[in-house]
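*Asks:* Those sequence lines, one after another, are chains S and V.
Residue 42 is where the first sequence starts when you use this note's numbering, and the numbers rise one by one after that.
Residue 487 is where the second sequence starts when you use this note's numbering, and the numbers rise one by one after that.
Everything labelled a hint here was simulated from the structure, so no lab data went into it.
Fair warning: this is a prediction, and the values are worked out from it, not measured in the lab.
Some clues are possibly wrong.
Among chain S residues calculated to face chain V with C-beta under 8 Å, some are [unchecked claim]: (1) ASP59; (2) PHE60; (3) VAL63; (4) SER65; (5) GLY66; (6) ALA71; (7) ALA73; (8) PRO74.
We put the CB at the ideal spot given by N, CA and C, even for glycine.
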Amino acid sequence: MGLLDNLFGGKKDKPRADFSNVQSGSSSTAPAPKSAPYAAPSKRTYTVVAGDSLSKIAKREYGDAQKWPVIFEANRDKISNPDRIHPGQVLTIPPAS
Amino acid sequence: MMTRFWPAAAVAIVLASGACGNDTRDTGAADGTGTATVPATNVSVSEIRLGNAVGGDKRVAEETDDFRTTETIYASVATAGISPNATLSARWTFQDGQVVSEDTQTIAPNGPAYTEFHISNPSGWPTGDYKVEFFLNGQSVGSKDFEIK
Chain S
42 MGLLDNLFGG KKDKPRADFS NVQSGSSSTA PAPKSAPYAA PSKRTYTVVA
92 GDSLSKIAKR EYGDAQKWPV IFEANRDKIS NPDRIHPGQV LTIPPAS
Chain V
487 MMTRFWPAAA VAIVLASGAC GNDTRDTGAA DGTGTATVPA TNVSVSEIRL
537 GNAVGGDKRV AEETDDFRTT ETIYASVATA GISPNATLSA RWTFQDGQVV
587 SEDTQTIAPN GPAYTEFHIS NPSGWPTGDY KVEFFLNGQS VGSKDFEIK
């Protein structure tokens, strides 16, 4: 097979054409599609008042006191102990998952 | 009376169902899976031209399929129809199947429009046969062969 290839010039690797410098582009008279309107994140904030607890806030915000961990996780930088929040603290209230 | 009416009514029903058949062409995938997503668009390609220049209207005025190694190759695609979002792609290939370039233009045409694609090679084009194929929303809508000498 190698002999035949040599005789008839088969299987000689031609160098592949180099298109690495090709530049391309496109444009149109048609307008571009409108991008989807920006949806602002539906995060809210809540300022803690005396007598508040995370479960009370969760009950008020989500209608479910058991969802307090959602608020706790979103405010880890402000709350070290979920049982201790202070009046005046501004908490982020993420959308209920 | 009924027996005379029946054949005419039958012909009318057959003709009507034939017309419906044309309106509800199978838009499934070519491989028969029937899972192709056909976007809500009624855009179609009405003209493809190759040349070495486009005008301000994005249309190739003088068509050619022979180019020199230093030229920029332009392709203009005319579309008709309206769509809020359609993608028009050009795939340029060399004679050995190598993809030279691939470009996509996203458009929202509200009537007849021209879209141009172009390629250039500062190093000079290898001589040989080339092809450019166009796709509208992923479906091939035509191609043009050309030669660079």
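*Asks:* Does each hint hold? Answer for all of them.
*Replies:* Verification of the hints:
1. About 7 Å separates the beta-carbon of ASP59 (chain S) from the nearest beta-carbon of chain V, less than 8 Å, and the hint is met.
2. Among the interface hints, the one on PHE60 (chain S) holds; its C-beta lies about 5 Å from the nearest C-beta in chain V, closer than the 8 Å criterion.
3. At its closest, the beta carbon of VAL63 (chain S) sits 5 Å from a beta carbon of chain V; the interface hint therefore holds under the 8 Å criterion.
4. Interface hint status for SER65 (chain S): upheld, as the beta-carbon distance to the closest one in chain V is roughly 4 Å, under 8 Å.
5. Hint status for GLY66 (chain S): holds, given a least beta-carbon distance of 6 Å to chain V, under 8 Å.
6. Against a cut-off of 8 Å between C-beta atoms, the interface hint on ALA71 (chain S) holds, since the closest Cβ of chain V lies about 4 Å away.
7. A hinted interface residue such as ALA73 (chain S) counts as satisfied when its beta carbon comes closer than 8 Å to some beta carbon of chain V; here the least separation is about 6 Å, so the hint holds.
8. Interface hint at PRO74 (chain S): satisfied, since its Cβ lies 4 Å from the closest Cβ of chain V, which is below the 8 Å cut-off.
No hint from the list above goes unmet by this structure.
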